[in-house]
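So you can see what is in the structure, the chains are spelled out below.
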Amino acid sequence: MKKFKKSLVAISMLAGLVPSLSQAETIAVINAKIYTSTDTGVLTNASVIVEDGKIIAVNPEMVNADIIIDAKGGVLTPGFIGAMNSLGLVEVGQEKMTRDTNDKAADMTFDPSLAFNPKSTAIPFARKGGLTRSIVAPGGGETIFSGQTIEVELTGDWDSIVATEQALFVALGAKHDGSRIIGMQNLINKLDERQKALTKAATKKADKEADKAPTKEELILNAVLSGEKPLIAYADRASDILQLIKLKQRFKLDLVLLEAADAVVVAEQLAQAGIPVVMDAMRNLPESFDSLNNSLDNAGKLSKAGVQVVLAVPGDAHGVYGLRYSAGNAVANGMKYDDAMASITSNVADTFHLDAGRIAVGKPADMVLWSGDPFEYSSHIQKMWINGEEQSTESRHDELRDRYMTQSSMPKAYTK
Amino acid sequence: MAKFAPSLVVIAVSTALLGCNQTQQQDPQVTINKNPYPSTYQVLPRTTTLLTNATVLTGTGEKIEQADVLMVDGKIKAVGAQLSAELVKGATVVDATDKWITPGIIDVHSHLGVYPSPSADAHSDGNEVTNPNTAEVWAEHSVWPQDPAFNRAREGGVTTLQILPGSANLIGGRGVTLKNAPSTTMQGMKFPDAPYGLKMACGENPKGAYGRGQKVAPMTRMGNMAGYRQAFIEATEYKRAWDKYDADYAAGLNPEVPQRDLTNDTLKGVLEGEILIHNHCYKAEEMAMMVDLGKEFNYHAGTFHHAIEGYKIAELLAENGNCAAMWPDWWGFKMEANDMVIENVAMVDAVKNSCAVVHSDSSTTIQRLNQETAKIMHSANQHGFELTEEHVISWITSNAAKSLGIADKTGSLEAGKNADVVIWNSNPFSVYAKAEQVFIDGAKVFDRQDDKYQAKSDFMLGQK
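Respectively, the protein sequence lines represent chains R and A.
Quick note on numbering: the UniProt record's numbering labels position 327 of the first sequence as 327, and the sequence is numbered without any gaps.
Quick note on numbering: the UniProt record's numbering labels position 61 of the second sequence as 61, and the sequence is numbered without any gaps.
Hints are computed from structural coordinates only; laboratory data are not their basis.
Any given hint could be a false lead.
Each pair of labels, with its calculated beta carbon distance range [as the list claims (entries may be wrong)]:
1) A:N353 with R:E390: 53 to 63 angstroms
2) A:N353 with R:T143: 51 to 61 angstroms
3) A:G188 with R:L242: 53 to 63 angstroms
4) R:S392 with A:T47: 52 to 62 angstroms
5) R:D159 with A:S124: 41 to 51 angstroms
6) A:T97 with R:V63: 52 to 62 angstroms
7) A:S119 with R:L114: 26 to 36 angstroms
8) R:S226 with A:G462: 43 to 53 angstroms
9) R:L242 with A:K452: 51 to 61 angstroms
10) A:T185 with R:T164: 30 to 40 angstroms
From the three backbone atoms N, C-alpha and C, an ideal C-beta is built for every residue, glycine too.
Modelling step: build the complete structure from the supplied sequences, incorporating the hints.
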């Protein structure tokens, strides 16, 4: 009984000393090298102040905060943002019962938020790589329309989903059975029909057709045609990319290319049309006849040409933690360091319309404090925050390692 | 068993008859040609070359600062600081100041050439998924030397690689060790005198490909074990038949020749210790059984590939002399890859007499085995290990050579070894490091600064 009282006192004292952030505590990180991913660029010996999950000051004259963390020269970056991966949708790739990425019946309404599992073991593992947020994409079904993307925070909390029905995802290009023509034709026809319907509805008054409530699919296409909803198009070959550029111009789409192995061949056109490219920087083999121009220097070349590049580990769940190494390799192969940093922070935010990805006043405090260059293998995470809340980078992998590193006379099953 | 049972009977009968007639004339002795597709590898043009003033990781656990490496007649002649002027006279000098030098990188697990790029259906030649035991197939017969990925791997410092069949079968066939020097033929790349490997596979793949895929055995892990055991029982009988033939012939008899069987030729090679096992095996309990399987049939269980759970049985692996070839961080793609830890290689390595190897099994990460190693080293050091560059380089050089049975030839920068050497522009365990020059047998096969030494596949010519 006595013991119980004591611990109660201890708890209340602890609570008094380290109150939770919900009580409008302010945190300051000082003495950091800050990659802001804004026009401000890189700040040295700088500080940032966080309140209520938001960044309220970057490098102010005076630092005044409840909790002060001395970075001792460490590197502070925006949390990295994953793009077009399957985090939370798949636990064990080949175990169909643990996989919700695909379904034969999937169409453009296919919504990953209905399956997203914030407790997936792949999520803390992703945090090991400095990822704080992600665009999760469906794998889709039998048609080109794979469904819509969602935005999630990688806290592992039940309320991780930030936005749903965020962008429409279509998969084009080479087909194992049949022709790529049908895919492209389907996309053109859908957009064309919907646009005609919209035009008709706008010009004809009180038409019976126009009165009918639009279907979910029609609403999605409406949003795509109005440019509110990005259209993410997977395509590799330059001929497909050129078709898509025409489509963007014809329908005034907010078009984003995914993978786009040949993008480098048409880089100028892409830059001119303002089409971002979400790509895997590590592709450098002619994996198919659609991707003969894959190269490690493509990310740098596209960036140099003025294309907004997003680096990603598309489709994956378990390997997305390696995003920072992709960025490092892109730099090793010609991409400017700041461009590489933007490609996994602010460019992702801009491409997918997220309010994140920058260390700037008003932005959510998604931040990672690194021991050194965040793209280097020798660097590790010292602290990370999502919306100002400190996150752990521990996963079950650490528990397995520690169990088998611990000496014991009993079987390992007793080491917990 | 059924395949050669008749010939066993014939032998028995003929031996019995011969017993009464020692003076009978002998037919010419039948021997099996163990090397019917011999290497025709030719060293590329080379000179005596001196690399000077670099940080050298020897692959034997040493790091030598400001050191020189001398290559003469395709061999390492000397490594050290300030080699004598007499020794290096007449050498082509490469100034390697501020650069790092390592042995050529060795990948023990590759499917380049058998699953090439582009992945055309017509080039999918890596897995003979027609029978759980296809010990009769040889990966070398599938190699497309024009796979552009060979060139990319060379640009990542890879000088030697083992090409293995895929893992669909319990016993998938022979692997072949190649030198990563461009050639129009497989034989032109074949590593002279390297032993053959035999690909085996545990766990999910064989039972999935047959039980689930084709509704034939094996359907389960116990079916897997039965399959290997059955195969080695037959192979043991086959070996016995040939041993008896050879012994009888040597005794002056004229025995009936046993019926030749390609599948058992390979397994006989395993039982004779000439062919090394390379076993795709993820899980601790399965590796432990494969060790016992080797003991049951009197062969060595060889190298475990992937060995996701190697860290759980590190002691057992070291005690039994098994190498384990692993990734740093692949996981979650199947149940048997669920218990990955990034420090696996370091934990397997930490045991006395261990043989830890980092492998790729990938046409992309084969280009960055130095970076794969860096991931492990740095993650392990963050969790209590004290690994050094000079130590971990062995995971992709000397330990890999040991796994392939070629450690007497390559994998370290020691006098007399093949001059397989990489010059890196910086510490090779940096994300920014690049191989600048690569030498195989003392001949330059890649130079990042010189287009003349940048090979291009036939396939890539004229592609837009």
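Evaluated hints:
1. Against the hinted window of 53 to 63 angstroms, the Cβ-Cβ separation of N353 (chain A) and E390 (chain R) comes to about 43 angstroms, which falls outside the hint.
2. In this structure the hint that N353 (chain A) and T143 (chain R) lie 51 to 61 angstroms apart at CB holds, the actual value being about 57 angstroms.
3. Against the hinted window of 53 to 63 angstroms, the Cβ-Cβ separation of G188 (chain A) and L242 (chain R) comes to about 41 angstroms, which falls outside the hint.
4. For S392 (chain R) paired with T47 (chain A), a C-beta distance near 56 angstroms keeps the hint of 52 to 62 angstroms intact.
5. For the pair D159 (chain R) and S124 (chain A), the beta carbons lie near 46 angstroms from each other, so the given range of 41 to 51 angstroms is met.
6. For T97 (chain A) paired with V63 (chain R), a C-beta distance near 45 angstroms fails the hint of 52 to 62 angstroms.
7. As the Cβ distance of S119 (chain A) to L114 (chain R) is approximately 33 angstroms, the hint placing it in 26 to 36 angstroms holds.
8. Remark: the range hint 43 to 53 angstroms for S226 (chain R) to G462 (chain A) is upheld by a beta-carbon distance near 45 angstroms.
9. Between L242 (chain R) and K452 (chain A) the CB atoms are about 35 angstroms apart, so this pair departs from the stated range of 51 to 61 angstroms.
10. A hinted range of 30 to 40 angstroms is violated for the C-beta pair T185 (chain A) and T164 (chain R), which are about 56 angstroms apart.
In this structure, the earlier hints numbered 1, 3, 6, 9 and 10 are contradicted, and the remaining ones agree with it.
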